[in-house]
Every structure is written in C-alpha cells, then in structure tokens.
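J.: Top to bottom, those sequences are chains A and B.
At position 182 of the first sequence (counting the first as 1) the number is 182 in our numbering, and the numbers step up by one without a gap.
One rule links them: number in our numbering = place in the second sequence (from 1) + 424.
Read the hints as simulated data drawn from the structure, not as lab findings.
Virtual Cβ for every residue (Gly too), placed ideally from N, Cα, C.
Each hint should be verified, as a subset may be incorrect.
Claimed, not checked - List time: in silico EDC-like cross-link candidates among lysine to aspartate or glutamate, alpha-carbon distance up to 16 Å:
#1 A:LYS196 to B:ASP630
#2 B:LYS792 to A:ASP194
#3 A:LYS106 to B:GLU453
#4 A:LYS110 to B:GLU501
#5 A:LYS196 to B:GLU501
#6 A:LYS196 to A:GLU118
#7 A:LYS110 to A:GLU146
#8 B:LYS728 to B:GLU677
#9 A:LYS106 to B:ASP630
#10 A:LYS104 to B:GLU523
#11 A:LYS145 to A:GLU89
#12 B:LYS792 to A:GLU290
Claimed, not checked - Between beta-carbon pairs, the in silico distance windows are:
#13 A:ASP150 to B:PRO539: 27 to 37 Å
#14 B:ALA615 to A:LEU405: 46 to 56 Å
#15 A:ASP150 to B:ALA615: 28 to 38 Å
#16 A:VAL260 to B:LYS679: 19 to 29 Å
#17 B:GLU501 to A:PRO169: 17 to 27 Å
#18 B:GLY460 to A:MET55: 21 to 31 Å
#19 A:PHE215 to B:MET452: 52 to 62 Å
#20 A:THR315 to B:GLU501: 48 to 58 Å
#21 A:ASP281 to B:ALA615: 30 to 40 Å
#22 A:ALA279 to B:LYS792: 24 to 34 Å
#23 B:PRO539 to A:TYR171: 56 to 66 Å
#24 B:ASP576 to A:PHE215: 31 to 41 Å
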Amino acid sequence: MVSNSTDKILLSADGVPLKKSLNRSLRQQKIRALLLISPLLIFIIVAFIMPIISMLSRSVENDLVSQTLPETVQALQSWDALSGQLPEEAVYAAFAIDIKNAAKAKVHTKVGLRLNYEKSGIASLFKKTARKAKKWDIETDGPFKEKLIDVHDGWSSIEVWQTIKTHSPAYTSGYFLNAVDMRKTVQGAEFQPDDKTILIKLFKRTFVMSLVITFSCILLGYPVAWLLANLPMRQANFLMILVLLPFWTSLLVRTSAWKVMLQQQGVINDVLVQLSLVADDARLIMINNETGTIVAMTHILLPFMILPMYSVMQTIPPSYLRAAKSLGATNWTAFWRVYFPQSVPGIGAGSILVFILAIGYYITPEIVGGTKGVFISNRIAYHILKSLNWGLAAALGTILLVAVLVLYWTYDKIVGIDNVKLGG
Amino acid sequence: MNFTKTILTTASAALISGAAFAGSHMSMEMTIVSWGGAYSNSQLKAYHEPYSANTGVTILNDDSSSTAVAQLRAMNEAKNITWDVVDVEAAPAMQLCDEGLAMEIDPDTMLAPAPDGTPASEDFGDMLVSECFIPQIVYSTTFGYRTDLVGDTAPSSVCDVFNTAAYPGKRSLFSVPINTMEWALLCDGVAKADIYDTLETEAGQDRALAKLDTIKDDVIWVSSGSDTPQLLADGEVIMGATYNGRLFSLIEEQKQPVAMIWDGQVMDLDGWIIPAGLSAERQARALDYIMFATDTQRLADQAKYISYGPARASSAPLVGKHADLGIDMAPHMPTAPENLSRAFLMNYDFWADYRDDLDAKFQAWLAK
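Please take these sequences and the hints and turn them into a complete structure.
T.: Now the structure itself:
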C-alpha cells in the first residue's frame with residue numbers, strides 16, 4: 001500500500017520513495033532487455049560494424065608513407081616544396097637509408113604503388129631504386145644525391161619530391177578529394193584535369209538512374225500489389241507465388257536472360273522485325289546502355305516494391321472505397337482521394353528499399369550497362385579489386401553511405417518515417 | 425603411482441612422435457585457384473586428375489584468379505591464407521613477389537628438369553620473369569571475326585578492326601586501356617618499337633583515344649574473356665577481342681563460323697605462384713604439386729585441351745593432337761611461327777607505372 005502522508009513525497013510499501021523504486025525497476029527491466037539482446041548486438045558489432053568502420057577508416061589513413069619512409073618524411077619537413085629547388089643532400093641521404101631498409105623488408109613496392117596513384121611513374125622509380133639500394137653501404141657510399149639521380153633521373157624531378165611530401169602525413173584528405181574529382185597538391189586542393197573527371201558524373205548518374213528505377217518500380221508494382229490485395233484468395237495466392245518465383249533464380253541468371261532478350265539479335269528485336277515494326281538494319285539498341293540497366297534492374301527490384309505495398313494494401317478496408325462510391329465519387333476520384341493516400345506508407349517503404357538497393361548495385365550494371373549504364377559501385381569494385389587503391393574505394397563508399405543517410409533523413413522530414421509501414 | 429607414470433610417459437611419447445610424423449607429412453587437401461571455364465578444365469584434365477590419382481590428395485578448385493592480388497593482400501592482412509597454389513598472369517605475379525606475398529622459387533631445385541637433363545632454369549629460360557613465378561603457358565589476346573558477316577574479303581590485319589568502311593558492323597573490345605591503346609596507336613601509323621614511348625606522353629595518349637573515337641559508336645565494351653565469344657556466336661559483333669584459347673574453343677569445339685586474326689596479337693604469360701606464409705605441410709604439398717604439374721610432359725598435356733603454348737622449350741615438340749577432336753594443336757599456338765606477325769609481348773613495366781593513370785583517362789573517355 002502506498003502510504004499517504006501530508007508530505008509531498010510518495011513512498012512505496014517498503015518505505016523507499018516511489019520515484020526511486022520506479023526508476024530502479026525500470027532500470028532493471030532495461031538491463032534485462034539488454035542482456036537478452038546482447039549476443040545479437042555483440043555479433044552485429046563484431047561481424048558487421050567493426051569491419052565496416054575499419055574499411056571506411058582507410059579512406060583517411062595514410063600511415064604507409066610515414067611508416068615506410070620515416071627518415072625521409074622527417075627530413076622533408078624542412079624543405080620548402082614551393083621553392084622550385086630540389087631538396088638538400090640530407091633528404092637524399094635519409095631516403096637512401098629508408099629505401100634500403102624498405103627493400104630488405106619488401107615493403108618498397110607498396111609505398112611506390114600508393115604514390116603512383118598520385119603521380120604515374122613513381123612505382124617503377126621505387127622499384128628500380130630499391131634494387132640498387134639493397135647493395136649500398138650507408139656509411140661509406142654517400143653522397144647520395146648524385147647517386148640516386150644516377151640510378152633514375154626521376155629523383156631530379158621536383159614533382160616527385162612534392163608528391164612524397166604532400167602525401168606523407170599520417171591522415172590525409174587526399175582520397176576524399178580524389179573521390180570528388182579533385183586532388184591534393186602542394187598548393188592545396190585542385191580539380192583534376194577534365195579528361196580524368198568521371199566520379200562526380202557517375203555519382204549523378206547513379207542517383208538519377210536509381211530514382212528512375214524506383215519510379216518505374218512504383219508504376220509497374222502498384223497494379224500488381226492492387227491485384228494481389230483485391231483478388232479472391234485463391235487467385236491472389238497463385239499470383240503471389242508468381243511474384244516470389246524469381247527469388248528462386250540466381251541474380252546472375254536473371255541478368256543474363258535479359259541479355260538474350262534485349263540484344264540486337266535478341267528475342268525482342270527478332271519479334272519486332274518479324275512483325276515489321278522495326279527495320280532489320282535499324283534494330284533497337286536496348287542493351288549496353290542505360291536502357292538495359294533500367295530494364296534489368298526494375299525487373300530484379302520489383303518484388304521488393306510489390307511486397308511492402310501489398311502488405312499495406314491488405315490492411316485497407318474495402319468498405320472505404322465502396323463508401324466513397326456510394327457517396328457519388330467516380331471510380332478515379334474514389335481511388336485517388338480515398339484509397340491512394342492510405343497506400344502511401346507502403347509506397348514509401350518500397351521506395352526506400354528499392355532506392356537504397358539500386359544505389360549499391362554492381363553486378364547488373366556491369367553486365368548489361370555497357371559504359372553508359374554503369375554505376376559508382378563499379379568504380380568502387382575496380383579500385384578494390386584491380387587498382388588496389390583501397391583508400392579511394394573507402395572514400396567513395398563513405399560518400400555513398402553518407403548520401404544515403406542524408407536522403408533518409410530528408411525523407412523522414414518530408415514524409416515521416418512513422419508513415420512507413422510494412423503492413424499491419 | 426608407477427602405473428600412472430607409465431601411462432603418462434607412453435602417452436606423451438606417442439604424442440611427440442605423432443607430431444613429428446605429422447610435421448614431415450604433407451597436407452592431403454589443397455585449394456588451387458584458377459580462372460574457370462575452358463582453361464580450368466584443361467588444368468583439371470592435365471594436372472589435377474593425374475595428381476589426385478597418384479597421391480590421393482583432394483583438390484578444391486576456386487575460380488578467383490581475376491581478383492587474386494586483392495584477395496591475397498586481404499588474406500595477408502588477416503593472417504589467414506586459405507589458398508595453396510594460385511594461377512596468375514606475369515604482371516600480378518611480379519607485384520605479389522615484390523610485396524612479399526608470394527614464395528620465392530628456386531627453379532633448379534623445386535622444378536623438374538627436362539627429360540634430357542636440362543635444368544629447369546634453362547628450359548624455361550626468359551619466361552622466368554620473376555623469382556616467385558612458375559610459368560605455365562603463353563597465351564595471347566587477339567581478334568576473331570564472323571566469317572559469314574564480314575563480306576567477301578576476310579580481315580587479315582588488326583587494323584581492319586578500325587576500318588568501319590570496309591567492315592561495317594559492331595566490334596567488341598575489352599573496356600581497359602591495356603592492349604586497346606597499343607592497337608589504336610599501331611593502326612594510327614606509329615611504328616611498333618615506338619608505341620610505348622608515345623603512350624608515355626599526353627599527346628600520344630590523346631592520339632590513341634582519338635583513333636578509338638573513330639570507331640567508338642561501333643564498339644561493345646566487354647569486361648570478361650567469355651563475353652566476346654558469346655557476342656560472336658550471337659552475331660551481335662562481327663569482330664571481337666578475347667583470349668586465343670577461347671576463340672579456339674569457339675571455332676573448333678563449338679563449330680561456330682568464326683576465324684582468327686593473329687596479326688597484332690599481344691602475348692602474355694600465365695603461371696603459378698605459391699602464397700607466402702603457408703604452414704610447413706601445406707607448403708610441402710604445394711611444392712610437390714608444382715613439381716608434378718610443371719614438368720615437361722604435363723605442360724605438353726595441357727596443350728591437348730586448350731590452345732595455349734607451353735612455357736617450357738622441351739614441351740614444344742611433345743605438343744600433339746587435341747584430346748577429343750584429334751586436330752593438330754601446333755598451328756593454333758600463339759607461338760607458332762605463322763602467327764607471329766606484329767606480335768607484341770606485354771610490357772609489364774610500362775603498365776605497372778601507367779595503368780592507373782591511363783585507366784582513369786580511359787574510363788572518363790568511355791563515359792563521355
């Protein structure tokens with residue numbers, strides 16, 4: 001029994017203030033809940049969040065240069081990169097020590113490759129120098145300036161030293177600048193030459209095409225979801241099986257099937273030519289361009305749009321439509337003003353799902369996109385697998401992640417996440 | 425007390441001898457990484473099956489060679505190498521060797537000598553481009569064309585690819601600057617010996633892209649070796665670039681109306697590396713496999729299934745007929761004398777330096 005006193009504090013049965021014991025029991029509930037989900041939480045953190053953070057942090061890490069060439073980085077600090085003159089002998093001597101140690105430990109090519117991303121030619125420069133430097137005796141073989149320039153005349157180029165100095169800090173903004181078609185130079189951030197700017201264009205293309213795909217999924221998916229929600233049970237079940245059937249087929253197989261359909265000598269063009277709708281030498285080009293990507297990706301992402309819409313539509317009572325019509329609305333008005341607003345949460349859920357999936361897609365644009373229909377993810381894959389520029393790939397991935405989060409936040413402000421329902 | 429002591433000593437003696445026995449043992453399972461398709465099939469028939477039959481080892485095949493360097497780097501960082509033997513081209517092998525990710529091989533002790541006693545280092549000769557690389561085959565990237573779609577005169581030169589007037593229709597090229605830019609310069613009039621010097625300059629690179637611009641609308645850009653054979657078979661392109669072994673498979677095994685243009689072929693080496701950091705048993709097994717799989721007869725055997733030239737000099741005379749089709753394989757090798765007109769050897773040093781830069785330029789040009 002709560003003891004009522006003329007004091008303002010309420011006490012519970014054992015004499016402790018009610019507020020305190022309430023807080024204690026709430027805390028215990030929370031701890032219990034946390035303990036129950038902790039295995040899953042730990043799993044997600046260890047297997048998912050930590051690796052992603054570790055990968056994304058490569059976008060700013062640059063300790064390769066300062067770890068492999070510590071003396072050189074130190075010595076370069078006193079050199080003025082904009083002076084127009086080569087560094088002093090002390091820098092060359094420091095570099096000789098570093099490259100000899102690096103050659104012994106076989107880490108010279110990695111740093112050469114890393115600097116080669118900024119200036120072509122540095123990879124082979126480091127390789128050739130290391131081969132000779134392995135045999136040098138640091139005490140007796142100096143002075144090293146002429147010796148290094150003798151080995152390779154790249155060492156008499158100011159740009160090489162400027163590149164090393166610009167990219168020696170342990171943390172760098174260089175990768176993020178590269179990700180937006182700029183680059184870090186001694187004078188600060190500059191735009192890349194025009195013939196190498198491709199990433200911003202790809203970002204724009206990815207977002208625009210994902211929007212197009214989302215809209216075409218909405219247009220094509222809405223009637224299907226309507227049918228699923230409004231047909232009698234048996235027919236609806238059969239239709240549902242048809243909608244889910246593609247999930248049983250591998251993604252690659254579906255994409256390759258589109259190749260067969262959309263090719264110039266493919267099924268669709270053959271049929272059109274037979275029906276005389278298209279001349280034989282003017283066949284439609286529907287693949288290896290944006291059309292191919294949009295068509296194939298709409299097909300693949302359609303179930304992700306249909307299912308959320310269907311589950312929301314199922315909860316809309318049919319009596320509303322009937323009521324609207326009985327009050328004199330035309331079919332269209334009844335649909336547009338009564339039914340459609342209630343199905344918007346489903347459209348919202350489906351759109352978010354499809355858009356986020358579409359932005360990150362890699363395989364389908366690679367196979368059917370040609371060169372006009374590839375996404376930014378293809379570039380990220382190239383940098384991870386071929387050029388091994390993991391810093392740039394991480395920077396591009398981070399930008400993509402941040403962009404999606406920003407879009408999600410905007411969507412929340414405009415439509416409201418609480419308005420997104422997955423049914424019920 | 426006595427009894428317990430006896431039990432303990434016997435048990436520990438058994439364990440120690442067991443461990444020593446295991447240490448000198450080779451592992452009975454290995455993972456071999458290769459490229460998939462007809463090429464992996466030829467390795468399966470010529471190497472894996474005889475080796476498994478002889479030794480009882482289970483060989484797991486992984487078709488990840490196209491991403492080998494990235495994966496080996498990642499495995500090295502995670503300190504967990506799951507591959508035992510990896511098939512890579514010469515350039516990635518050199519890169520892996522320089523970074524310490526591949527084991528150094530001494531040809532004379534780890535590779536089998538030729539039957540007449542020539543040590544392996546002489547038998548392979550110049551093919552040993554790196555200390556970690558065990559060459560296997562010479563393959564080349566070259567063009568095939570549809571014999572029924574090119575009109576009356578068959579194309580015979582690589583520059584016919586750039587001749588859309590005489591040969592109208594679509595072509596297919598790899599969507600990378602490697603080989604593509606060299607062919608463009610060769611067909612723009614640059615002498616073969618000057619091509620790489622020209623490509624180092626901005627003007628040279630622009631010249632190559634300008635030449636490619638003349639056919640850009642007629643090109644389908646592909647990213648894998650299996651795309652062009654499919655496009656040729658479908659009739660989507662009249663000429664296309666791919667690896668010569670794939671074209672052989674298309675022409676001879678699948679009997680498609682396709683023929684090859686050997687002029688201007690770019691030859692490259694493909695071979696094995698053993699990742700560094702394997703345990704003693706796995707390394708012993710990998711070395712044992714390599715000793716078997718790269719001996720003279722084995723390399724000649726692989727040529728029975730695919731038209732890639734064996735890297736050993738002593739294997740060349742042993743190259744016989746195709747295992748299923750019975751046709752003579754020698755004229756289909758990239759190294760056959762009649763196929764060597766204007767043949768290039770891949771310039772590893774140039775592309776190691778300029779690949780990233782030129783790829784950025786090339787992709788930007790492609791996206792225009």
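J.: State for each hint whether it applies.
T.: Okay, the hints, checked on the actual structure:
Of the pairs offered as hints, the one joining LYS196 (chain A) and ASP630 (chain B) holds, with about 12 Å between alpha carbons and a cut-off of 16 Å not exceeded. Restraint check: the Cα-Cα separation between LYS792 (chain B) and ASP194 (chain A) comes to about 11 Å, which is no more than 16 Å; the hinted pair holds. Of the supplied pair hints, the one linking LYS106 (chain A) and GLU453 (chain B) is violated, its CA atoms being roughly 30 Å apart against a limit of 16 Å. Proximity of LYS110 (chain A) to GLU501 (chain B) is assessed by CA-CA distance (about 13 Å); at most 16 Å being required, the pair is judged to hold.
Of the pairs offered as hints, the one joining LYS196 (chain A) and GLU501 (chain B) is violated, with about 31 Å between alpha carbons and a cut-off of 16 Å exceeded. Restraint check for LYS196 (chain A) and GLU118 (chain A): satisfied, since their Cα atoms lie roughly 13 Å apart, inside the 16 Å limit. For the proposed pair LYS110 (chain A) and GLU146 (chain A), the alpha carbon gap of about 25 Å is over 16 Å, so the pair is violated. Between the alpha carbons of LYS728 (chain B) and GLU677 (chain B) the distance comes to roughly 13 Å, so the proposed pair stays at or under 16 Å and holds.
Using a Cα cut-off of 16 Å, the hinted pair LYS106 (chain A) and ASP630 (chain B) is violated, with the two alpha carbons roughly 36 Å apart. Annotation: proposed proximity of LYS104 (chain A) to GLU523 (chain B) holds, straight-line Cα distance about 11 Å (limit 16 Å). Restraint check for LYS145 (chain A) and GLU89 (chain A): satisfied, since their Cα atoms lie roughly 6 Å apart, inside the 16 Å limit. Of the pairs offered as hints, the one joining LYS792 (chain B) and GLU290 (chain A) holds, with about 13 Å between alpha carbons and a cut-off of 16 Å not exceeded.
In this structure the supplied range 27 to 37 Å is violated for ASP150 (chain A) paired with PRO539 (chain B), their Cβ-Cβ distance being about 46 Å. Distance hint check: the CB atoms of ALA615 (chain B) and LEU405 (chain A) are about 55 Å apart, consistent with the given range 46 to 56 Å. Taking 28 to 38 Å as the suggested C-beta distance range, the pair ASP150 (chain A) and ALA615 (chain B) conforms, at roughly 30 Å. Between VAL260 (chain A) and LYS679 (chain B) the beta carbon distance is about 20 Å. The supplied range of 19 to 29 Å therefore holds.
As the Cβ distance of GLU501 (chain B) to PRO169 (chain A) is approximately 22 Å, the hint placing it in 17 to 27 Å holds. At about 27 Å, the beta-carbon gap between GLY460 (chain B) and MET55 (chain A) stays in the expected band of 21 to 31 Å. Between PHE215 (chain A) and MET452 (chain B), the C-beta spacing of about 57 Å keeps the proposed range 52 to 62 Å intact. Taken as a hint, the range 48 to 58 Å holds for the pair THR315 (chain A) and GLU501 (chain B), whose Cβ atoms sit roughly 50 Å apart.
For the pair ASP281 (chain A) and ALA615 (chain B), the beta carbons lie near 38 Å from each other, so the given range of 30 to 40 Å is met. Checked against the hint of 24 to 34 Å, the C-beta distance between ALA279 (chain A) and LYS792 (chain B) comes to roughly 28 Å, which is consistent with it. Between PRO539 (chain B) and TYR171 (chain A) the C-beta distance comes to about 59 Å, which sits within the given range of 56 to 66 Å. Taking 31 to 41 Å as the suggested C-beta distance range, the pair ASP576 (chain B) and PHE215 (chain A) does not conform, at roughly 50 Å.
Of the numbered hints listed earlier, those contradicted by the structure are 3, 5, 7, 9, 13, 24.
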